[in-house]
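Asker: Chains P and G supply the protein sequences, listed in that same order.
Per my numbering, the first sequence starts with residue 1, numbered consecutively.
Per my numbering, the second sequence starts with residue 1001, numbered consecutively.
Check each hint, because a few of them may be wrong.
Some chain G residues well away from chain P (every beta-carbon gap over 10 Å; in silico) [stated by the list, open to error]:
| hint | residue |
| --- | --- |
| 1 | VAL1060 |
| 2 | GLY1082 |
| 3 | ALA1222 |
Between beta-carbon pairs, the in silico distance windows are [to be verified]:
| hint | chain 1 | residue 1 | chain 2 | residue 2 | range |
| --- | --- | --- | --- | --- | --- |
| 4 | P | GLY177 | G | MET1247 | 45 to 51 Å |
| 5 | G | GLU1218 | P | GLY151 | 34 to 40 Å |
| 6 | P | ASP68 | G | ASP1044 | 42 to 48 Å |
| 7 | G | PRO1248 | P | ALA52 | 43 to 49 Å |
| 8 | P | GLU101 | G | GLU1218 | 36 to 42 Å |
If you're looking for bench data, these hints aren't it; they were derived computationally from the structure.
Where is the CB? At the ideal position from N, CA and C, for every residue including glycine.
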Amino acid sequence: MELAGQSAIVVGGNSEIRHAVVYALASRGANVVLGSSQHDDLAAATVAQCIALAGSVSAEEVDLEQFDSAAALVAATLQQYGRLDHLITCASASGDARLAELTTTQWRAMLALNLDAVYRICKAVLPTMKRRRYGRIVNIAALQGLGGGPGEIAFSAATAGVLGLTRSIAREVAPWGITANAIAPGIITTNALCTRVPDQYTIDASLIPLRRLGSRKKLPLLHCSLPHRQHPISLDRRLP
Amino acid sequence: MELSEQVAIVTGGSRGIGRAVALRLARNGARVLVNYRRQVAEADKVVALIREFGGDAFAVAADVQDEYAVEAMAQACLERWGRIDLLVNNAGMSWDTPLFRMTDQHWHTVIETNLTSVFFCCRAVLGAMRARAYGRIVNVGSLAGLFGNVGQSNYAAAKAGLIGLTRSLARECALDGITVNVVAPAYIETDFVEPLPPLLRTWSIETNPMRRFGTAEEVAAAIAFFGSPAASYITGQVLAIDGGWVMP
């Protein structure tokens, strides 16, 4: 059990990717606290599906618009497991639009969800990681953050912002043995994606050199391996 | 001249890089709206300088964090000149502090000023550019947006976010004759770098292949190129202006 005894906080999204991350960490022995928002019905399902795994999984409500709530999530994790080794944040898409149609409300909601929230939870986990001189932060951004995407102005701004945030954090906390990395997944097969029109699905794959979409089951292997990197100078590595 | 008849908006045009950009574009023949927030005397001086050499310019006060002020600015430009060819999103600020000391106010102020403001400005000019099937948007980013920086997690997030916004918009507008690019300066000799601690200043100069900071005019030259009709097949790009410091 490579992660036995370690503990992790996973936040963000309502996505299958988040589920896959939690599952992968717990099946490798980590105790996982899944920080979920108030109306997050998938969190309970994830907890239920992880019940037989080596590590334990629990869901805690958190409001990442408030720093105090993020800090409370960290405190609850420490109380339960005595340590915090990993933080994994997952981006999640929501209402976005082309620039001409994008409202200020949509813009702010997207930044709050996928950028501001990441800043707050990262800030909240650092004191304990610094004290233990160990920590692994993995922020899952998105390919749109690297290359943009039409109709995804706010999402790409937010996820690109996460890359800048991650790199700054990586530089700031490297002396404490903490690494911060970002992952920028491309198109990953999820149920959400499969509800798109089938034609779109085919076109997407045909544009990719490997001629297939990514698997959400393989994605968490990256998360698990990144936290395990011992390279102290691995400040930031994007894996497209 | 390269930009004859063209109309440019330069945000934060009263000083520093913005001032150099306004002057440069005007010298290349553009009519320039010099946007400023508080520095009315400096903005008027830029306008006066442009008129001195026979150019056309006027100053508009607008806080780029205020979407309505930004819309009004674009409207003022259209009322005066009837077109907008070039937008240079230069206004910005930094408020540095290590992450553990950062407050939500540090975070939001910097994200709003450097990122949300660009969303507002781009949205405000898009219709006018589309109507004429021509446009150049140049966003002033930062090397910190590419590489992060100690004490600048807010600023680096905003400037990195700017790259994401730029690339999405570049893809959206490619068929409309509109290009969107980023220049990413390192340290440039302006008021902006005055508060730099002496040790950091020395280190930044000594580790730079050119052994100096850049000048606002050197950044303006790159912006003028991205903003020219000649740069028609270049979009979604990020150009570091750093004396070869990092060579991304």
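Asker: Hint by hint, note whether the structure agrees.
Answerer: Each hint, compared with the structure:
1. VAL1060: Since the minimum Cβ distance to chain P is about 21 Å, VAL1060(G) lies beyond 10 Å and the statement holds.
2. GLY1082: holds (20 Å)
3. ALA1222: The assertion about ALA1222(G) holds, with a minimum of 21 Å to chain P.
4. GLY177(P) with MET1247(G): 45 to 51 Å: At roughly 29 Å between Cβ atoms, MET1247(G) and GLY177(P) fall outside 45 to 51 Å, so the hint is violated.
5. GLU1218(G) with GLY151(P): 34 to 40 Å: Once the Cβ atoms are compared, 36 Å apart, the range 34 to 40 Å for GLY151(P) and GLU1218(G) holds.
6. ASP68(P) with ASP1044(G): 42 to 48 Å: holds (46 Å)
7. PRO1248(G) with ALA52(P): 43 to 49 Å: holds (47 Å)
8. GLU101(P) with GLU1218(G): 36 to 42 Å: holds (37 Å)
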